[in-house]
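Colleague: Listed here are the chains, written in short residue letters.
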Amino acid sequence: MNEQEWIIQELERLFETSQDYKQKALLQEAIDILKEQDLRKEQLQGELDGTLWSPGNWGV
Amino acid sequence: MRTLIIISHPDVDESSSQQFLLQSISHLSSDQVTVHLLEKTYPDGVIDFEKEQALLRLHDRILFQFPFYWYSSPPMLKKWQDEVLTDHFAFGYRGNKLEGKELGLVLSIGLAEKDYQAGGQEGFSISELTRPYQAVAKKTGMTYLKPLAVFQFPYKNEAEKMRLLIDYQQYVTLSKPDSLKYREEWLVKALAETSEETLPGENVAFVIDQVIERVEDNRMELDELRMHIDNYHD
Chain P
1 MNEQEWIIQE
11 LERLFETSQD
21 YKQKALLQEA
31 IDILKEQDLR
41 KEQLQGELDG
51 TLWSPGNWGV
Chain F
1 MRTLIIISHP
11 DVDESSSQQF
21 LLQSISHLSS
31 DQVTVHLLEK
41 TYPDGVIDFE
51 KEQALLRLHD
61 RILFQFPFYW
71 YSSPPMLKKW
81 QDEVLTDHFA
91 FGYRGNKLEG
101 KELGLVLSIG
111 LAEKDYQAGG
121 QEGFSISELT
131 RPYQAVAKKT
141 GMTYLKPLAV
151 FQFPYKNEAE
161 KMRLLIDYQQ
171 YVTLSKPDSL
181 KYREEWLVKA
191 LAETSEETLP
201 GENVAFVIDQ
211 VIERVEDNRM
221 ELDELRMHID
231 NYHD
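Here the protein sequences come in this chain order: P and F.
Under the UniProt record's numbering, think of the first position of the first sequence as 1, with each following residue one higher.
Under the UniProt record's numbering, think of the first position of the second sequence as 1, with each following residue one higher.
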């Protein structure tokens with residue numbers, strides 16, 4: 001399990017134990033944002049790899 | 001930033017969606033938000049336009065919140081527009097009192113989102129049907145915000161309702177409610193302030209700290225990746 005998965009699992013645990021509705025919503029937002037950040041990192045990494053490997057940029 | 005929420009609804013106490021939204025922001029201070037219920041303030045329908053104009057001047061973001069009836073608002077909000085957004089105040093000679101403010105809509109809608117498009121059951125998009133409000137913003141020099149449309153509130157499950165709660169809190173308080181970066185900053189602040197009294201169990205403070213750190217580290221990585229890509233294109 002990587003750090004991101006561990007943190008999301010911990011957030012899910014807190015979500016279950018929280019006794020406050022608005023706090024539960026906030027914890028869910030934290031999970032949503034962490035997942036969104038992960039997805040965007042993957043997309044930007046893909047864009048960077050694509051840019052670096054584009055034959056048009058090899059300059060030969 | 002101070003937000004004025006102008007609610008027009010024939011029976012706000014009996015509306016589950018309006019009550020849910022109001023409850024979502026009940027913890028916010030009066031420095032941040034003013035909730036203004038038109039039908040309750042003026043049960044006889046006689047609007048004090050000077051008081052309304054003074055209220056508008058005190059706020060930076062103005063939200064019209066109402067059920068979307070026949071592609072428009074309940075009649076009270078239209079009456080309010082007619083009597084409050086007057087010449088020399090909202091437009092015309094020296095009528096620049098709303099310039100630079102923001103105008104947003106919070107719409108509760110009975111049908112599904114998919115119905116509001118060409119070829120859908122309603123045939124027109126929400127952007128098309130809300131043109132008069134966009135024109136009001138343009139004429140008065142206000143920045144029009146992307147509306148917060150609440151489709152079929154009674155059909156939402158708990159997870160969807162919780163997302164609406166957060167979306168609404170952000171729509172009311174956040175300078176750019178649509179931006180991930182701003183949502184992250186909002187989240188970090190809200191997590192730092194969340195009460196541990198309603199979170200029983202061990203290591204709660206440690207986990208919250210770890211979440212905040214992770215969100216901030218992710219942001220640094222995202223900004224670095226973006227910088228590498230931009231540098232390459234320069």
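Treat the hints as calculated values from the structure; they're not laboratory data.
Be a bit skeptical, because a hint or two may be false.
Listed below are the simulated EDC-like cross-link pairs for lysine to aspartate or glutamate, each with C-alpha atoms no more than 20 Å apart in a straight line [unchecked claim]:
no.: 1; chain 1: F; residue 1: Lys189; chain 2: P; residue 2: Glu42
no.: 2; chain 1: P; residue 1: Lys41; chain 2: F; residue 2: Glu193
no.: 3; chain 1: F; residue 1: Lys181; chain 2: P; residue 2: Asp20
no.: 4; chain 1: F; residue 1: Lys176; chain 2: P; residue 2: Glu42
no.: 5; chain 1: P; residue 1: Lys24; chain 2: F; residue 2: Asp209
no.: 6; chain 1: F; residue 1: Lys181; chain 2: F; residue 2: Glu158
no.: 7; chain 1: F; residue 1: Lys161; chain 2: P; residue 2: Glu42
no.: 8; chain 1: P; residue 1: Lys35; chain 2: F; residue 2: Glu197
no.: 9; chain 1: P; residue 1: Lys35; chain 2: F; residue 2: Glu213
no.: 10; chain 1: P; residue 1: Lys41; chain 2: F; residue 2: Glu213
no.: 11; chain 1: P; residue 1: Lys24; chain 2: F; residue 2: Glu221
no.: 12; chain 1: P; residue 1: Lys35; chain 2: F; residue 2: Asp217
no.: 13; chain 1: P; residue 1: Lys24; chain 2: F; residue 2: Asp217
no.: 14; chain 1: P; residue 1: Lys41; chain 2: F; residue 2: Glu224
no.: 15; chain 1: F; residue 1: Lys189; chain 2: P; residue 2: Glu47
Colleague: Compare the structure with the hints numbered earlier in the document and write down the numbers of the violated ones, lowest to highest.
Modeller: 1, 2, 3, 4, 6, 7, 8, 11, 13, 15
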